[in-house]
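> Sequence:
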Amino acid sequence: MMKIRTNFITNSSSSSFCISKDELTDYTIEVFKNPKLVADQIVPTCDCTREEYMELAKEWDIRDEDEKIYGFASVANFDYSQIFYICGVDWDLHKDSELAPSLLKEMVENGNKNLDMLGDDDNED
2 MMKIRTNFIT
12 NSSSSSFCIS
22 KDELTDYTIE
32 VFKNPKLVAD
42 QIVPTCDCTR
52 EEYMELAKEW
62 DIRDEDEKIY
72 GFASVANFDY
82 SQIFYICGVD
92 WDLHKDSELA
102 PSLLKEMVEN
112 GNKNLDMLGD
122 DDNED
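So for the sequence shown, our numbering puts the first residue at 2; every next one is plus one.
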């Protein structure tokens, strides 16, 4: 029986960042959590329409935890470094492999569910 993976798959296109809220203002925290707020500034600099930008912005999983803002995308179609630039924050200092604790927990739980499902499939043969 052929098995098809339908959940989270890691790949080289993933991207993440972590930034302390101490480095941000209340407004820039909101921009990081909702990049649609700066769509008018970013759309002219990218090769997409406003509607495409709004859809691409949804690809990022943004979490506010432990006095930090975490961002993760498994396929980085939307360049979050532009948000850093607009907010006056250095992207290179904050791009990171550190994931939000809740996201990491979800990923482990999903991985365990997938392993359980694979084990159940093996028992059906």
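Hints should not be assumed to be uniformly reliable.
Unchecked claim - Derived SDA-like pairs (lysine to any residue); straight-line CA-CA distance at most 20 Å: (1) Lys22 - Leu119; (2) Lys37 - Asp65; (3) Lys96 - Leu116; (4) Lys114 - His95; (5) Lys34 - Lys114; (6) Lys37 - Asp62; (7) Lys59 - Ala74; (8) Lys34 - Ser21; (9) Lys22 - Glu66; (10) Lys59 - Leu116; (11) Lys69 - Ser82; (12) Lys22 - Pro102; (13) Lys37 - Cys88; (14) Lys59 - Gln42; (15) Lys59 - Glu24; (16) Lys34 - Asn115; (17) Lys96 - Thr50; (18) Lys22 - Ser75; (19) Lys106 - Leu116; (20) Lys22 - Glu56; (21) Lys34 - Ser103; (22) Lys69 - Cys19; (23) Lys22 - Met55; (24) Lys22 - Lys114; (25) Lys34 - Leu116; (26) Lys34 - Ser75; (27) Lys69 - Gln42; (28) Lys106 - Ser15; (29) Lys37 - Asp67; (30) Lys106 - Ser82; (31) Lys34 - Ile87; (32) Lys96 - Pro45; (33) Lys69 - Lys114.
Note that these hints are calculated values from the structure, not bench results.
Note that this is a predicted model, so its numbers are computed, not measured.
> Hint by hint, note whether the structure agrees.
Hint check:
For the hint pairing Lys22 with Leu119, the CA-to-CA distance comes to about 40 Å; that exceeds 20 Å, so the pair is violated. Taken as a hint, the Lys37 and Asp65 pair is honoured in the structure, with Cα atoms around 17 Å apart against an allowance of 20 Å. A distance of roughly 30 Å separates the Cα atoms of Lys96 and Leu116; the hinted pair therefore is violated under the 20 Å criterion. A threshold of 20 Å between alpha carbons decides the hint, and for Lys114 with His95 the separation of about 31 Å lies outside it, so the pair is violated.
Straight-line distance between C-alpha atoms of Lys34 and Lys114 comes to about 29 Å, which puts the hinted pair past the 20 Å bound. Distance restraint check for Lys37 and Asp62: the Cα-Cα separation of roughly 14 Å lies within the 20 Å cut-off, and the hinted pair is therefore satisfied. Of the pairs offered as hints, the one joining Lys59 and Ala74 holds, with about 9 Å between alpha carbons and a cut-off of 20 Å not exceeded. Restraint check for Lys34 and Ser21: satisfied, since their Cα atoms lie roughly 13 Å apart, inside the 20 Å limit.
Restraint check for Lys22 and Glu66: satisfied, since their Cα atoms lie roughly 10 Å apart, inside the 20 Å limit. Of the pairs offered as hints, the one joining Lys59 and Leu116 is violated, with about 28 Å between alpha carbons and a cut-off of 20 Å exceeded. Annotation: proposed proximity of Lys69 to Ser82 holds, straight-line Cα distance about 17 Å (limit 20 Å). Note on Lys22 and Pro102: the hinted pairing holds, with a Cα-Cα distance of about 16 Å set against a maximum of 20 Å.
Proposed proximity of Lys37 and Cys88 is supported: the alpha carbons are some 13 Å apart, at most 20 Å. A threshold of 20 Å between alpha carbons decides the hint, and for Lys59 with Gln42 the separation of about 17 Å falls inside it, so the pair holds. With a CA separation close to 24 Å, the supplied pair Lys59 and Glu24 exceeds the 20 Å bound. Of the supplied pair hints, the one linking Lys34 and Asn115 is violated, its CA atoms being roughly 30 Å apart against a limit of 20 Å.
In summary, the hint linking Lys96 to Thr50 is not supported, as the alpha carbons are separated by about 26 Å, beyond the 20 Å threshold. Taking the CA atoms of Lys22 and Ser75, the gap is near 23 Å; set against the 20 Å cutoff, the hint is violated. Only pairs whose Cα atoms come within 20 Å are accepted, and Lys106 paired with Leu116 is accepted, the gap being roughly 15 Å. Distance restraint check for Lys22 and Glu56: the Cα-Cα separation of roughly 26 Å exceeds the 20 Å cut-off, and the hinted pair is therefore not satisfied.
Distance hint between Lys34 and Ser103 is fulfilled; the C-alpha atoms sit about 16 Å from each other, no more than 20 Å. Annotation: proposed proximity of Lys69 to Cys19 holds, straight-line Cα distance about 7 Å (limit 20 Å). For the hint pairing Lys22 with Met55, the CA-to-CA distance comes to about 24 Å; that exceeds 20 Å, so the pair is violated. Under the criterion of a C-alpha separation no larger than 20 Å, the hint pairing Lys22 with Lys114 is inconsistent with the structure, at around 33 Å.
Note on Lys34 and Leu116: the hinted pairing is violated, with a Cα-Cα distance of about 32 Å set against a maximum of 20 Å. For the proposed pair Lys34 and Ser75, the alpha carbon gap of about 17 Å is at most 20 Å, so the pair holds. Between Lys69 and Gln42 the alpha-carbon distance is near 24 Å, which puts this suggested pair outside the 20 Å criterion. With a C-alpha separation of about 17 Å, the suggested pair Lys106 and Ser15 falls inside the 20 Å cut-off, and the hint holds.
About 24 Å separates the Cα atoms of Lys37 and Asp67, which puts this hinted pair outside 20 Å; it is violated. Distance hint between Lys106 and Ser82 is unfulfilled; the C-alpha atoms sit about 26 Å from each other, more than 20 Å. Under the criterion of a C-alpha separation no larger than 20 Å, the hint pairing Lys34 with Ile87 is consistent with the structure, at around 14 Å. Proposed proximity of Lys96 and Pro45 is contradicted: the alpha carbons are some 24 Å apart, above 20 Å.
With a C-alpha separation of about 28 Å, the suggested pairing of Lys69 with Lys114 is violated against the 20 Å cut-off.
The structure shown violates the earlier hints numbered 1, 3, 4, 5, 10, 15, 16, 17, 18, 20, 23, 24, 25, 27, 29, 30, 32 and 33.
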